[in-house]
Amino acid sequence: DVKVTQSSRYLVKRTGEKVFLECVQDMDHENMFWYRQDPGLGLRLIYFSYDVKMKEKGDIPEGYSVSREKKERFSLILESASTNQTSMYLCASCGRGSGSGELFFGEGSRLTVL
Amino acid sequence: AQTVTQSQPEMSVQEAETVTLSCTYDTSENNYYLFWYKQPPSRQMILVIRQEAYKQQNATENRFSVNFQKAAKSFSLKISDSQLGDTAMYFCAFMKWQGAQKLVFGQGTRLTINP
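In order, the protein sequences belong to chains D and Y. Per the working numbering, the very first residue in the first sequence carries number 1252; after that it's consecutive. Per the working numbering, the very first residue in the second sequence carries number 6; after that it's consecutive.
Okay, chain Y solo, but in the shape it has when bound (with noise of 0.2 Å):
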């Protein structure tokens, strides 16, 4: 079975500044897909960034880009010149190539951004 963890219960950084979120995981899988969503609060869920483990490039959105390292099962989301509307949950979520489109998630991190 698929495991993801995400250490970070809780972070907060300044307007602007850059932040990390952490993600590992565990599969036994050599192809899948890695996300990372946001529930900002009393909001839905949406999407932010996805990964294919197949490519090497890691994946970037705007502000938002990962940092996948495939050996050591480690997948971290840059927020840079974060802004006030990133104030959110993030959720690490993993599945598998094929099969059930069944997404397993970490047990996320909750990011406040102050002004």
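So here's chain D without its partners, still in its complex pose (with noise of 0.2 Å):
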């Protein structure tokens, strides 16, 4: 069975903290992608990494950075959380080349800055 495992569901930070949120598949997928979904904004691409040590910008990087030190790891970095990065994070996986378009996701985080 596919596994995209999230290692937090529930975070509460305060401003200003470093946050760290860990993604991992155990899929073997090349692609990992990190999005953020808010209430009627729908889910927004922050980064996505196509290879280890890659990374490209999605749509809203700001305040964000990422790390793929391995294949199977995806981390989400915020260097300083501020209020208005509360959220709902979602991580989620494919393969290269599969062209289906299926994303693998995992159960989402929780983000909560106070």
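Treat the hints with care, since some could be wrong.
[As the list claims (entries may be wrong)] Below, in silico cross-link-like pairs of lysine-lysine (DSS-like), each with a Cα-Cα straight-line distance of 25 Å or less:
1) Y:Lys-78 with D:Lys-1306
2) D:Lys-1269 with D:Lys-1306
3) Y:Lys-78 with D:Lys-1322
4) Y:Lys-83 with Y:Lys-60
5) Y:Lys-83 with Y:Lys-101
6) Y:Lys-60 with D:Lys-1308
7) Y:Lys-107 with D:Lys-1306
8) D:Lys-1321 with Y:Lys-107
9) Y:Lys-78 with Y:Lys-107
10) D:Lys-1304 with Y:Lys-78
11) D:Lys-1308 with Y:Lys-75
12) Y:Lys-107 with Y:Lys-75
13) D:Lys-1308 with D:Lys-1321
Worth flagging that the hints you see were computed from the coordinates, not collected in a lab. Only a predicted model underlies this, so the values are computations on that prediction, with no experimental measurement involved.
Can you join these two chains into the complex? Each is in its own frame, and there are hints to help.
Right under this line is the structure:
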């Protein structure tokens, strides 16, 4: 069974803290993604990675960075959390060149910044 | 840039009824993919159905079918014989035919199936 695991389902952080959101997939997928989900806005792409140590900005990268040191792990980093980063964060992965467009999602990490 | 619009924030129907969720999109691409994803409460998002733009035939997966109107840039999802387990957020999404496999999502429609 395919699996994308996000390390924390719920986090509460304070303004200015550094926050790490971890995502691990067990499907040997090349492509990994971080989306942010907000009511009325749907999912918006923050960053994606198509290979180890490779990354590209999505539509809303400001305030975020990512790290992909191993193929199975993709981390989202909030260098200095702000209240407007309170949101649900979804990690997803897919194989390269599959062309199917089927992303496999984690259960999400709900972050609250106070 | 591509955009995807879902104009129905919430819908509610009785069990066993048929329901149609609307989606429109904007693109200058000729070839692309369209998708409907389902996000059940507190569970992972999963793919419901996929349509390739070059195919004229509408995709069908059991009780789920789409009405793809390429010229109108419309892509609606029909759920027949709705079940309680269909209660979820539904997202319409677009992906270019070539290049990075990035999905562009709509705002979502919250569908509730009532017993």
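Hints, one by one, checked against the model:
1. Distance hint between Lys-78 (chain Y) and Lys-1306 (chain D) is unfulfilled; the C-alpha atoms sit about 31 Å from each other, more than 25 Å.
2. Pair hint Lys-1269 (chain D) plus Lys-1306 (chain D) holds up; C-alpha atoms about 20 Å apart against a cutoff of 25 Å.
3. Simply put, Lys-78 (chain Y) and Lys-1322 (chain D) have alpha-carbon atoms about 37 Å apart, too far for the 25 Å limit, and the pair is violated.
4. Annotation: proposed proximity of Lys-83 (chain Y) to Lys-60 (chain Y) holds, straight-line Cα distance about 18 Å (limit 25 Å).
5. Between Lys-83 (chain Y) and Lys-101 (chain Y) the CA atoms are separated by roughly 23 Å; this keeps the pair inside 25 Å, and the hint holds.
6. Using a Cα cut-off of 25 Å, the hinted pair Lys-60 (chain Y) and Lys-1308 (chain D) is violated, with the two alpha carbons roughly 31 Å apart.
7. Distance check on the hinted pair: Lys-107 (chain Y) and Lys-1306 (chain D) sit about 13 Å apart at the alpha-carbon level, within 25 Å; holds.
8. For the given pair, Lys-1321 (chain D) sits about 21 Å from Lys-107 (chain Y) by alpha-carbon distance, which is consistent with the 25 Å threshold.
9. With a C-alpha separation of about 19 Å, the suggested pairing of Lys-78 (chain Y) with Lys-107 (chain Y) holds against the 25 Å cut-off.
10. For the suggested pair Lys-1304 (chain D) and Lys-78 (chain Y), the alpha carbons sit about 37 Å apart, so the restraint of at most 25 Å is broken.
11. About 29 Å separates the Cα atoms of Lys-1308 (chain D) and Lys-75 (chain Y), which puts this hinted pair outside 25 Å; it is violated.
12. For the given pair, Lys-107 (chain Y) sits about 20 Å from Lys-75 (chain Y) by alpha-carbon distance, which is consistent with the 25 Å threshold.
13. With a C-alpha separation of about 19 Å, the suggested pairing of Lys-1308 (chain D) with Lys-1321 (chain D) holds against the 25 Å cut-off.
Checked against the numbered hints above, the structure violates hints 1, 3, 6, 10 and 11; every other hint is satisfied.
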